[in-house]
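Peer 1: Here are the chains, one letter per residue:
Number of protein chains: 2
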Amino acid sequence: MDIKEAAALARKASITLSSADSDLKNHALSMIYDSLINRKDEIFRANNDDIERSLKEGLPDPLIKRLKFDEHKLEDILSGIKSLINLEDPVGKLLAQTELDNGLDLYKVSCPIGVIGIIFESRPDALIQISTLCLKSGNAGLLKGGREAIATNRILFDIIKSASENAGIANGWIHLLETRSDVTEMLKLDDYIDLIIPRGSNEFVKYIMDNSNIPVMGHADGICHCYIDSSADINMAVNIVTDSKTQYVSVCNATETLLVNKDIARDVLPKLKKALDQKHVELVGCDKTREIIDIGTASEQDWKTEYLDYKLSIKVVSDLMEAIEHINTYGSGHTDCIITSDKSNAELFMNLVDSANVFWNCSTRFSDGFRYGFGAEVGISTNKLHARGPVGLDGLQIYKYKLIGHGDVVADYANNIKTFKHIKVK
Amino acid sequence: MDIKEAAALARKASITLSSADSDLKNHALSMIYDSLINRKDEIFRANNDDIERSLKEGLPDPLIKRLKFDEHKLEDILSGIKSLINLEDPVGKLLAQTELDNGLDLYKVSCPIGVIGIIFESRPDALIQISTLCLKSGNAGLLKGGREAIATNRILFDIIKSASENAGIANGWIHLLETRSDVTEMLKLDDYIDLIIPRGSNEFVKYIMDNSNIPVMGHADGICHCYIDSSADINMAVNIVTDSKTQYVSVCNATETLLVNKDIARDVLPKLKKALDQKHVELVGCDKTREIIDIGTASEQDWKTEYLDYKLSIKVVSDLMEAIEHINTYGSGHTDCIITSDKSNAELFMNLVDSANVFWNCSTRFSDGFRYGFGAEVGISTNKLHARGPVGLDGLQIYKYKLIGHGDVVADYANNIKTFKHIKVK
Chain U
4 MDIKEAAALA RKASITLSSA DSDLKNHALS MIYDSLINRK DEIFRANNDD IERSLKEGLP
64 DPLIKRLKFD EHKLEDILSG IKSLINLEDP VGKLLAQTEL DNGLDLYKVS CPIGVIGIIF
124 ESRPDALIQI STLCLKSGNA GLLKGGREAI ATNRILFDII KSASENAGIA NGWIHLLETR
184 SDVTEMLKLD DYIDLIIPRG SNEFVKYIMD NSNIPVMGHA DGICHCYIDS SADINMAVNI
244 VTDSKTQYVS VCNATETLLV NKDIARDVLP KLKKALDQKH VELVGCDKTR EIIDIGTASE
304 QDWKTEYLDY KLSIKVVSDL MEAIEHINTY GSGHTDCIIT SDKSNAELFM NLVDSANVFW
364 NCSTRFSDGF RYGFGAEVGI STNKLHARGP VGLDGLQIYK YKLIGHGDVV ADYANNIKTF
424 KHIKVK
Chain F
4 MDIKEAAALA RKASITLSSA DSDLKNHALS MIYDSLINRK DEIFRANNDD IERSLKEGLP
64 DPLIKRLKFD EHKLEDILSG IKSLINLEDP VGKLLAQTEL DNGLDLYKVS CPIGVIGIIF
124 ESRPDALIQI STLCLKSGNA GLLKGGREAI ATNRILFDII KSASENAGIA NGWIHLLETR
184 SDVTEMLKLD DYIDLIIPRG SNEFVKYIMD NSNIPVMGHA DGICHCYIDS SADINMAVNI
244 VTDSKTQYVS VCNATETLLV NKDIARDVLP KLKKALDQKH VELVGCDKTR EIIDIGTASE
304 QDWKTEYLDY KLSIKVVSDL MEAIEHINTY GSGHTDCIIT SDKSNAELFM NLVDSANVFW
364 NCSTRFSDGF RYGFGAEVGI STNKLHARGP VGLDGLQIYK YKLIGHGDVV ADYANNIKTF
424 KHIKVK
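Protein sequences appear in the order of chains U and F. Using my numbering, read the first sequence as starting at 4 and increasing by one per residue. Using my numbering, read the second sequence as starting at 4 and increasing by one per residue.
Worth double-checking, as some hints may not be accurate.
Note that identical chains are pooled: a pair holds if it fits in a single copy or bridges any two copies.
Unchecked claim - Derived EDC-like pairs (lysine to aspartate or glutamate); straight-line CA-CA distance at most 20 Å:
| id | residue 1 | residue 2 |
| --- | --- | --- |
| 1 | Lys85 | Asp73 |
| 2 | Lys15 | Asp322 |
| 3 | Lys76 | Glu45 |
| 4 | Lys15 | Glu325 |
| 5 | Lys43 | Asp79 |
| 6 | Lys15 | Asp5 |
| 7 | Lys346 | Glu325 |
| 8 | Lys7 | Glu328 |
| 9 | Lys209 | Asp193 |
| 10 | Lys429 | Glu188 |
Honestly, the hints are just simulated from the structure, not real lab data.
Could you put together the complete structure from these sequences and hints?
Peer 2: Rendered as structure tokens:
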């Protein structure tokens, strides 16, 4: 089956899946759960093959770690499926209701988007999370995982497809893509695919955005900021910045630039340098920063750079508004935090910073679907449309309007025989 | 000021406007209301100039009618502004709230999209509706109206800009574009503009979609269907189809194709032909239709054609599922109606037809923001993302996540010192 046939089949299946009831979907999730346990030895063997090959190919340690699928990862995945079963069905929710006139009722009802193409990194657990999110949210999916995980992905895909289709989910609701040329082909299929979610490097996401007419949800850059306001608690500021920068440096919600109010810079910067030196973080700063601590020079380019590494750029700003303007100019609309004890400054910051996640007195590393309690996420979006921030089940829904009448015609209203009532019921 | 400068200014203004409070925005709308009354003679004079020039240029009658802005249109517009003032502010709504842990609270709050570029037909009232919708929803706007309305648009734009900025709305929140090259320029400004809403012909909307990286919301085709099910009330079916086809033929929610169940075709088609003959509707049909009524032949191309005229294609189908499949294959996802007395067939139709508006026993012409009670609409969307169907104030909103903590860091959760509670408050 080529990609176009797969996409056409997925579209057909998506129509049936869109109205599958909650019990059926949850039953299919349980069957997947059981099948993962029953076939775990197959999964582990395939994963060993992937790891051995990748070690031979010299894949770096952190990537080997992500590639590994062992008993511990399986447990996490199983508990994820359990919580997904317990989550409310996002499909068919009554979002609004208006009585347009006697016996003419308008309902706005949530429904799945349709067919989603998802391209993700070499993490086998991602395949399960993404496909079970698609299933629960009623969407058909075309999945492309990383090359390194190919053997593991094949087994996992077979488990998910067989278990769900045996449970009664429409045949062909899910497909596995294996090559880059499959992806190139998929990007052209805007007649069948409603949304592409690419996860991966900036360059990769930008490539997808530039090479498809299908809407893309995701984020290219993650240039996150912490701003230490003049009234910040100094210890809290040092802790939050350290966590935001160093708790996990290679992820999109790690902080890349620190802004410091000039009135607190002399107090906080030396303490911060001490804490970050212990974590081996390279610091670069503006001239005013360098008057206070002895670090390298930050250039204009630094404000635009997502290091994804043990490096932080620092700028001293004269006030809150300069911090907000810097973030709205150089940031990527991902996650930005103010550290302050002044409530009105915090509110102004959270209102005026134009980012998906705006934080007060907590680490930027919190912006994540699991931490937000979504059960799982398909990705984090910096789009200004549809879904923003971590995207879980709700972000995979759209809605339709259902209008139920009794022979009603517009001519009666155009000719003033009848007038609308527009009574908002919900 | 060139378009890039205008867009940059609009982006700057959009940040302030995004947090403007409801009273300020409503005050600005009142000032616009008053100014429209005070300067109505200027408006009417400019509109006369537009009409005289357009008459000389031989603009067709229906377009002259749309171009006209008189006392009657002004009254409609004024009452529209009044209802907009009374509508709830869509900005700052708490959409969801979760306590992640003690003293770590997540809020999902609605906020404006940002900067919207809207291109619309030569209808001066559209300029006022669109700009007041942008204002109330907290979005900055770049507006491009039809060339024929240029003099009227200039006055109306001046009124809206002066009145709102005098009332305290951020300077530069709204701009008027006047030429096609302005539009070409605007389509490139994805750094400043978040969304393009094009209204106009299919070709025009497709051109915009193909020539910009900015997300586009709207609809190209409006191929709407009525399906007469076997249990339909025959008189009701004739009335609904007649209204759906003829109440206003040149609009996107007029019906273009009629599907008829084979079991009712012999009863309903002759009566329908009689009714549509009176309205001078040209009918074309499939072979089975033509065995019953004497009309022209419909080709495959007819099922894909939006006539926007007094013409209807008719197909006899063997059952409900064939009707649904025909609509999902040839339709444009705009508005489709089933006429039936069978509730479960109606529900199946409304669930499985993948369109923005799915109707039961009422005319397709009802799919419209005013009729839905939205106060006004910026357009109708057949997108599967963000907003679908008629788009009013709510469709011009996105959301952001605000997370408020007290020094919380992710390391505490990663190291199992703390665990998330995830208590859903709203």
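Peer 1: Does each hint hold? Answer for all of them.
Peer 2: Hints, one by one, checked against the model:
1. Proximity of Lys85 to Asp73 under the C-alpha cut-off of 20 Å is restricted to the intra-copy arrangement: shortest distance 18 Å within a copy versus 63 Å between copies.
2. For a Cα distance limit of 20 Å, the shortest separation of Lys15 from Asp322 across copies, 18 Å, qualifies, whereas the shortest one inside one copy, 56 Å, does not.
3. With identical chains, the CA atoms of Lys76 and Glu45 are at most 20 Å apart within one copy only, with a shortest distance of 15 Å there and 72 Å across copies.
4. When the C-alpha separation of Lys15 and Glu325 is checked against a cutoff of 20 Å, the pair qualifies only between copies, where the shortest distance is 13 Å, while the shortest distance within a copy is 52 Å.
5. When the C-alpha separation of Lys43 and Asp79 is checked against a cutoff of 20 Å, the pair qualifies only within one copy, where the shortest distance is 13 Å, while the shortest distance between copies is 68 Å.
6. With identical chains, the CA atoms of Lys15 and Asp5 are at most 20 Å apart within one copy only, with a shortest distance of 16 Å there and 48 Å across copies.
7. For the homomeric pair Lys346 and Glu325, the shortest alpha-carbon distance inside one copy (18 Å) is at most 20 Å, but the shortest distance between copies (60 Å) is not.
8. With identical chains, the CA atoms of Lys7 and Glu328 are at most 20 Å apart between copies only, with a shortest distance of 19 Å across copies and 46 Å within one.
9. For the homomeric pair Lys209 and Asp193, the shortest alpha-carbon distances inside one copy (18 Å) and between copies (13 Å) are both at most 20 Å.
10. In this assembly of identical chains, the alpha carbons of Lys429 and Glu188 never lie at most 20 Å apart, being 43 Å within a copy and 42 Å across copies at closest.
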